[in-house]
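Its first residue numbered 1, the sequence shown is counted upward by one per residue in full-length UniProt numbering.
Any given hint might turn out to be false.
Using 30 Å as the maximum straight-line C-alpha spacing, the simulated BS3-like pairs for lysine-lysine come out as follows [as the list claims (entries may be wrong)]:
| # | residue 1 | residue 2 |
| --- | --- | --- |
| 1 | 25 | 61 |
| 2 | 278 | 257 |
| 3 | 56 | 92 |
| 4 | 216 | 278 |
| 5 | 276 | 56 |
| 6 | 10 | 25 |
| 7 | 92 | 10 |
| 8 | 216 | 239 |
| 9 | 209 | 271 |
| 10 | 30 | 209 |
Simulated restraints, written as ranges between beta carbons of each label pair [claimed, not checked]:
| # | residue 1 | residue 2 | range |
| --- | --- | --- | --- |
| 11 | 16 | 246 | 56 to 64 Å |
| 12 | 13 | 44 | 19 to 27 Å |
| 13 | 279 | 69 | 37 to 45 Å |
| 14 | 33 | 170 | 41 to 49 Å |
| 15 | 111 | 1 | 56 to 64 Å |
| 16 | 224 | 10 | 18 to 26 Å |
| 17 | 27 | 97 | 51 to 59 Å |
| 18 | 122 | 279 | 44 to 52 Å |
| 19 | 125 | 90 | 37 to 45 Å |
These are computed hints drawn from the structure, not numbers from a lab.
Cβ atoms here follow ideal geometry from the backbone N, Cα and C, with glycine treated the same way.
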Amino acid sequence: MIQSMTGFGKASLQLPTKKITVEIKSLNSKGLDLNVRTPYVYREMELGLRNQIAQKLERGKVDFSLFIEITGEETSSKINVPIVRGYINQLKQVVDGDETELLKMAVRMPDAMKTEREEIDENEWKTIQGVIEEGLKNIQEFRVSEGAALEKEFLLRIANILSLMNQTVALDSERIETVKTRLKTAIEELSVNVDENRFEQELIFYLEKYDITEEKVRLENHLNYFIETIAGTEANGRKLGFITQEIGREINTMGSKSNHAQMQKLVVQMKDELEKIKEQVLNVL
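Kindly produce the complete structure, drawing on both the sequences and the hints.
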């Protein structure tokens, strides 16, 4: 079954002093375009994180975000007591004031607060990785669901092309007779003697150029191959793109050979159905 490159996954976990939230969004892209946002303390884990995401999602424009919300008393920012006291003493030399007011002024001064760099807790990181895995699982399930919708769309469009192709083939005998009649009328209007055997030979040669039997067979094969590929288990967006190119070639050749107004209308409709397939193939993993 095919998967879409469009998806969204989210997972969260509440720890004693913090809440961990993972959000993953993806859109279609030729390759893997990965944007990772994590708190500064986890930046050194980013390379491994990128590999983890790449193995699961393979392709797409992916935005990954890891949020850490402190919910307990734990904080990495602390008052720099010696600095604040120094500011208060200096302020007292400048102005007489209430201690509380001087403190309010002092904590706004540079370096009044100091941030202690947290060290990564290995056990906590293993817990975070579990949340990440859950988020990746959720986005993969989303992609599978979107892929099922795409598959229905593809099967409908392929069936439409096949039906239009059969209608085109059904008009073939009528088209051949029309061409024969038009050529014979043109010869008669010239009022010249024509060797009937030679005329028949030339007519057969001429009509062979407009024969669409090979195109019909190849187009049918390509349509069946497209359906088989959809049912495959491997990522196949690129392969489907190549098959649509081959389908397009056969439809274009039919159009150039048709030389018949109604057949050309059917060919235009086939092209329209194929364009709708091409637009959606870009979303397939």
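Residue 13 paired with residue 44, Cβ distance criterion 19 to 27 Å: 21 Å, holds
Cβ-Cβ distance between residue 279 and residue 69: within 37 to 45 Å? 40 Å, holds
So if I understand the rule, the pair passes when the alpha-carbon distance is 30 Å or less; does residue 92 with residue 10 pass? 53 Å, violated
Range hint 56 to 64 Å (beta carbons of residue 111 and residue 1) holds or violated: 59 Å, holds
Is the Cα-Cα distance between residue 30 and residue 209 30 Å or less? 39 Å, violated
Could you grab the alpha-carbon distance between residue 278 and residue 257 and see if it respects the 30 Å cut-off? Answer holds: residue 278 to residue 257 is near 24 Å, not above 30 Å.
Pairwise hint evaluation, residue 271 against residue 209, where the allowed Cα distance is 30 Å at most: 22 Å, holds
Does the hinted range 51 to 59 Å hold for residue 27 and residue 97 at CB? 58 Å, holds
Would you say the C-beta atoms of residue 125 and residue 90 sit inside 37 to 45 Å of each other? Holds, since residue 125 and residue 90 (Cβ atoms, about 43 Å apart) stay within the stated range.
Does the hinted range 41 to 49 Å hold for residue 33 and residue 170 at CB? 47 Å, holds
Range hint 18 to 26 Å: satisfied by the CB atoms of residue 224 and residue 10? 39 Å, violated
Does residue 216 pair with residue 278 here, judged by a C-alpha cut-off of 30 Å? 20 Å, holds
Hints 3, 7, 10, 16, counting from the list given before, are not met by this structure.
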